[in-house]
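Asker: Join the two chains into one complex using the hints; note that each chain is given alone, in its own frame.
So the chains spell out like this:
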Amino acid sequence: MDQRASPLPDLAGLLGEIAAGRQEAFRRLYEIEAARLLGIAMRILRRRALAEEAVHDALISVWNHAARYEARLGSPRAWLHTIVRNRALNILRGEARTELTAEIESFDAASEDENPEEISSRLSDADALKHCLERLDPTPRHAVILAYTQGLSHGEIAARLGVPLGTIKSRIRRSLIALKECLG
Amino acid sequence: MSDAAEMTALAGEFVLGLLDGAERRAAEVRLTRDPAFREAVGAWQRHFSALDATIAPVTPSPALWERLAAATGSAPRPKPAPQQPGMAARLWEAIGFWRPFGLAGAFASLVLAVLFTQAALKGPEPPSLVAVLSAPDGRAAAIVNAYADGTVQLVPIDRVTVPEGRILEVWTLQSRERGPVSVGRMDRARTLRLNLKGLSPAEVGHLFEITIEPPGGSPTGRPTGPVLMKGLAATSL
Numbered sequence: 001m002d003q004r005a006s007p008l009p010d011l012a013g014l015l016g017e018i019a020a021g022r023q024e025a026f027r028r029l030y031e032i033e034a035a036r037l038l039g040i041a042m043r044i045l046r047r048r049a050l051a052e053e054a055v056h057d058a059l060i061s062v063w064n065h066a067a068r069y070e071a072r073l074g075s076p077r078a079w080l081h082t083i084v085r086n087r088a089l090n091i092l093r094g095e096a097r098t099e100l101t102a103e104i105e106s107f108d109a110a111s112e113d114e115n116p117e118e119i120s121s122r123l124s125d126a127d128a129l130k131h132c133l134e135r136l137d138p139t140p141r142h143a144v145i146l147a148y149t150q151g152l153s154h155g156e157i158a159a160r161l162g163v164p165l166g167t168i169k170s171r172i173r174r175s176l177i178a179l180k181e182c183l184g
Numbered sequence: 001m002s003d004a005a006e007m008t009a010l011a012g013e014f015v016l017g018l019l020d021g022a023e024r025r026a027a028e029v030r031l032t033r034d035p036a037f038r039e040a041v042g043a044w045q046r047h048f049s050a051l052d053a054t055i056a057p058v059t060p061s062p063a064l065w066e067r068l069a070a071a072t073g074s075a076p077r078p079k080p081a082p083q084q085p086g087m088a089a090r091l092w093e094a095i096g097f098w099r100p101f102g103l104a105g106a107f108a109s110l111v112l113a114v115l116f117t118q119a120a121l122k123g124p125e126p127p128s129l130v131a132v133l134s135a136p137d138g139r140a141a142a143i144v145n146a147y148a149d150g151t152v153q154l155v156p157i158d159r160v161t162v163p164e165g166r167i168l169e170v171w172t173l174q175s176r177e178r179g180p181v182s183v184g185r186m187d188r189a190r191t192l193r194l195n196l197k198g199l200s201p202a203e204v205g206h207l208f209e210i211t212i213e214p215p216g217g218s219p220t221g222r223p224t225g226p227v228l229m230k231g232l233a234a235t236s237l
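If you read the protein sequences in the order shown, they are chains A and B.
Numbering-wise, the working numbering puts 22 at position 22 of the first sequence, and it's gapless, one number per residue.
Numbering-wise, the working numbering puts 174 at position 174 of the second sequence, and it's gapless, one number per residue.
For reference, chain B alone in the conformation it holds in the complex (with noise of 0.2 Å):
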């Protein structure tokens, strides 16, 4: 295959939304890079963009403009909803939240003990909650350690690659009602104190995840790119 057909495959494979998630990073990276790949991706946009115009439209509930009209200004702002994070938690388990981690969890709980101890005995102070947050093949990634003074701190744990011109971006669900909140960006994985103004305090059952975001951080203010890692806080030992 010459490199002209192999770069309108891959043009083409990528706006059908075929590529698997390194693939697909991989030619994001080149989009930003190669303008002829830039054109070969637009030019298949534009093609099959004519697929769009045989969509069934449907009627979108009254509520999704209240919310977007809540968003970008005008509207009044709904009330907070009541906090129910053991609910939260509880229909993550139900609807298999954790199944593309395969045995994360027991093999966090492992992770989290050793850990702890070893926090334990250097620290004057433990804290309060751990979360450790695992990545999609089970690896423990990184923890999350919330202290009884609500200072919340983000330690990695395992190498993390990110992506030329993305950032990491930390999130923590607290009640769905709410969604996720960004509580702190970094360029690189590295320790971080995690900012939780305005929220709750970290509590049991509490998620925290970090997402592959562009430079700034997620613009629509919500997780927009793949999820690296993520875990429920739970009691230390």
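So here's chain A without its partners, still in its complex pose (with noise of 0.2 Å):
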């Protein structure tokens, strides 16, 4: 599943240690993870300051309910990735929450207008979401991207595509059945 880090960390045994409050445990995990949970962050709130405080109230969150990662549901990784992302995605919508928008900060300029065919070319070709994807046409296969990896919403979907507002909300929703059709 994952092509960077070789061997595996055991993050699943990490987690089992940090639901039984070992502090040393909770380091390793931040040492492993912070940097490509930020970088989701980074994604969708594009603003440092604000990535940061998301990975701080994921990991937070983690400390607190690591006991209730299950193996069953999925990877311990894509467990802190979704919690991750969750978090940075209500920060975003939240736009008037507290002390977050008190940053005074310019965009990061890097993780502005990444586009979504590169995104999609860097999946693994062995991942049945790339073949799948490839699939769909341009656009509906862009728009599901750009809400994924960078919490879009509709109206910032079409703005960004050119496309009228009613027509891509159909386009996804029908996207997403041909999408699962292939998944399996």
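Think of the hints as simulated: they come from the structure by calculation, not from any bench.
Treat the hints with care, since some could be wrong.
To be verified - Far from chain B, some chain A residues (derived; all Cβ distances over 10 Å): (1) PRO9; (2) ASP10; (3) GLU17; (4) ALA19; (5) ASP57; (6) ALA71; (7) ARG87; (8) PRO138; (9) ARG160; (10) LEU161; (11) GLY162; (12) LEU165.
Said to hold, decoys possible - Pairs of lysine to aspartate or glutamate, EDC-like flavour, derived with a Cα cap of 16 Å: (13) LYS130/A / GLU118/A; (14) LYS169/A / GLU156/A; (15) LYS130/A / GLU117/A; (16) LYS169/A / GLU6/B; (17) LYS180/A / GLU118/A; (18) LYS180/A / ASP127/A; (19) LYS180/A / ASP137/A; (20) LYS197/B / ASP149/B; (21) LYS130/A / GLU181/A; (22) LYS169/A / ASP137/A; (23) LYS169/A / ASP20/B; (24) LYS180/A / GLU6/B; (25) LYS169/A / GLU23/B; (26) LYS180/A / GLU39/B; (27) LYS180/A / ASP3/B.
What the hints assert, rightly or not - Only part of the chain A face toward chain B is listed, based on derived beta-carbon distances under 7 Å: (28) ALA35; (29) GLY39; (30) MET42; (31) HIS81; (32) THR82; (33) LEU123; (34) ALA147; (35) GLY151; (36) ARG173; (37) ILE177; (38) CYS182; (39) LEU183.
Model, not experiment: these values are computed from the prediction.
Beta carbons are placed, not taken as given, at the ideal position from N, Cα and C, and that holds for glycine.
Answerer: Written out as structure tokens, the structure reads:
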């Protein structure tokens, strides 16, 4: 599933230790995962301070709830990614959220306008998602990738892809059903 | 569209983060009750997680680990920073803090004046500070009264729907450095005495807000759910 980290660290084991309150395990998890988690949050939030806030909150949640991780629901890494992604999306939506808006910063140019085709091309050839995304038309394929990786809303996707808002909603819905049929 | 296809699409939109507020909350409730929907959401999460492997890692600043270490135990806790509510208040205003709340500020001050007049007629001791908490559509939804003796009370003035299995949590933000602090929880909107123990007394410019949180309160100790209403404390007339 992951091509970068090899051999795979025992994240499930670390989560078990974290559930028992061992901070050195938490530190180890941080060392292994924080940069990836921050990358995920940055892609959605674009601002470093906000993204670090999302990673902070997500990891505090992991510290408090590590015992809730269940191996049958997916890999520990996917679990961590889901937590940080959800936190980042919450921050993105609640733009009025308390102190977070007090950060005056420019957008990080590096993560801006990341091309959905490039993201898709970086998917492993062995991954069913790549194969199935490629079977979609470019517009819904880009829409799905932009929504997942950058947290864009229907309106933002419509604007970015130059498609009417009413059209993009129904096209994404139909594409999701087609994707699911392909993914099985 | 068949029911199964409908559910597949909805679960996919949920995982992609495409549902709007009400739809998303409905989906969250459905997650707790409908195992088939939970399964569909889990499947999408697994499928889309492949996209996480395309990420470029970003090295966090050293401050991130320091904060986490402090919050989880061993490292020495940083000293509390000096409080600058006036500064914080200006910042929020400057950065469009009120933008989603439209004209709430202007409208709220009218409501505040009316409500305060009524309170002053009834009560022997008027509050020294009031904050009108506005909903995102600009409706005044609750008032916070702070009295000279240090007690602080929340009084709802508009109906609030709490999603099943969720609670309301009241926060105050006295300074950016300290961040939001929980001062009360309730299962439905009701008059509530807020607990400001360990905080400075309420001051002009302090923020009060209410968010929707899981039972028992926010798991992170910071607001995690949607903001239902908020307002800044002001001197009463």
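Asker: A separate judgement is required for each hint: does it hold in the structure or not?
Answerer: Tested hints:
The Cβ of PRO9/A sits about 14 Å from the closest Cβ of chain B, beyond the 10 Å cut-off, so the non-interface label holds. At the 10 Å boundary, the C-beta of ASP10/A stays outside the reach of chain B, the nearest C-beta of that chain being 19 Å off. At roughly 13 Å, the least C-beta separation between GLU17/A and chain B is larger than 10 Å, which holds for a residue marked as non-interface. Distance check on ALA19/A: its Cβ is at least 13 Å (rounded) from any Cβ of chain B, clearing the 10 Å threshold; non-interface status holds.
For ASP57/A, the requirement that its beta carbon stay farther than 10 Å from each beta carbon of chain B is not met, with the minimum near 5 Å. Distance check for ALA71/A against chain B: the nearest CB is about 13 Å away, which clears 10 Å, and the non-interface claim stands. Taking the minimum C-beta to C-beta distance to chain B, about 8 Å, the non-interface status of ARG87/A is violated against the 10 Å cut. Taking the minimum C-beta to C-beta distance to chain B, about 17 Å, the non-interface status of PRO138/A holds against the 10 Å cut.
Non-interface call for ARG160/A relative to chain B: holds, since the shortest CB-CB distance, roughly 14 Å, exceeds 10 Å. Remark: the non-interface label on LEU161/A is consistent with the geometry, its nearest Cβ contact in chain B lying 14 Å away (cut-off 10 Å). No Cβ of chain B approaches the Cβ of GLY162/A within 10 Å, the least distance being about 18 Å, so the stated non-interface status holds. At roughly 12 Å, the least C-beta separation between LEU165/A and chain B is larger than 10 Å, which holds for a residue marked as non-interface.
As the CA atoms of LYS130/A and GLU118/A are separated by approximately 12 Å, the hinted pair is consistent with the 16 Å bound. With a C-alpha separation of about 12 Å, the suggested pair LYS169/A and GLU156/A falls inside the 16 Å cut-off, and the hint holds. For the proposed pair LYS130/A and GLU117/A, the alpha carbon gap of about 11 Å is at most 16 Å, so the pair holds. About 13 Å separates the Cα atoms of LYS169/A and GLU6/B, which keeps this hinted pair within 16 Å; it holds.
Note on LYS180/A and GLU118/A: the hinted pairing is violated, with a Cα-Cα distance of about 22 Å set against a maximum of 16 Å. For the proposed pair LYS180/A and ASP127/A, the alpha carbon gap of about 14 Å is at most 16 Å, so the pair holds. For the proposed pair LYS180/A and ASP137/A, the alpha carbon gap of about 15 Å is at most 16 Å, so the pair holds. The suggested pairing of LYS197/B with ASP149/B holds, with an alpha-carbon distance near 13 Å, which does not exceed 16 Å.
Between LYS130/A and GLU181/A the alpha-carbon distance is near 14 Å, which keeps this suggested pair within the 16 Å criterion. A C-alpha spacing of about 15 Å is found between LYS169/A and ASP137/A, which places the hinted pair at or below 16 Å, so the restraint holds. Restraint check for LYS169/A and ASP20/B: satisfied, since their Cα atoms lie roughly 12 Å apart, inside the 16 Å limit. A C-alpha spacing of about 12 Å is found between LYS180/A and GLU6/B, which places the hinted pair at or below 16 Å, so the restraint holds.
Taking the CA atoms of LYS169/A and GLU23/B, the gap is near 14 Å; set against the 16 Å cutoff, the hint holds. As the CA atoms of LYS180/A and GLU39/B are separated by approximately 13 Å, the hinted pair is consistent with the 16 Å bound. Among the hinted pairs, LYS180/A with ASP3/B is consistent with the structure: their alpha-carbon atoms are about 14 Å apart, no more than 16 Å. A least Cβ separation of about 4 Å between ALA35/A and chain B falls short of the 7 Å threshold, and the interface hint therefore holds.
Hint status for GLY39/A relative to chain B: holds, with the closest Cβ pair at about 4 Å, below 7 Å. Hint on MET42/A holds. Least Cβ distance to chain B is approximately 5 Å, under the 7 Å limit. Checking HIS81/A against chain B: minimum C-beta separation of about 5 Å stays under 7 Å; hint holds. Residue-level restraint check for THR82/A holds (minimum Cβ-Cβ distance to chain B is 6 Å; threshold 7 Å).
Given hint, LEU123/A at the interface with chain B, holds; its Cβ is 6 Å from that chain's nearest Cβ, closer than 7 Å. Restraint check, ALA147/A versus chain B: the minimum CB separation of about 4 Å is within 7 Å; hint holds. The beta carbon of GLY151/A is positioned within 7 Å of a beta carbon in chain B (closest approach about 5 Å), and the interface hint is therefore held. For ARG173/A, the interface hint holds, since its Cβ comes within 7 Å of a Cβ in chain B; the closest pair sits about 4 Å apart.
Because the smallest distance between the Cβ of ILE177/A and any Cβ of chain B comes to about 5 Å, under 7 Å, the interface hint for this residue holds. With its C-beta approaching chain B no nearer than about 10 Å, CYS182/A sits outside the 7 Å limit, and its interface hint is violated. For LEU183/A, the interface hint holds, since its Cβ comes within 7 Å of a Cβ in chain B; the closest pair sits about 5 Å apart.
The structure does not agree with the numbered hints 5, 7, 17 and 38 stated previously, though it agrees with the rest.
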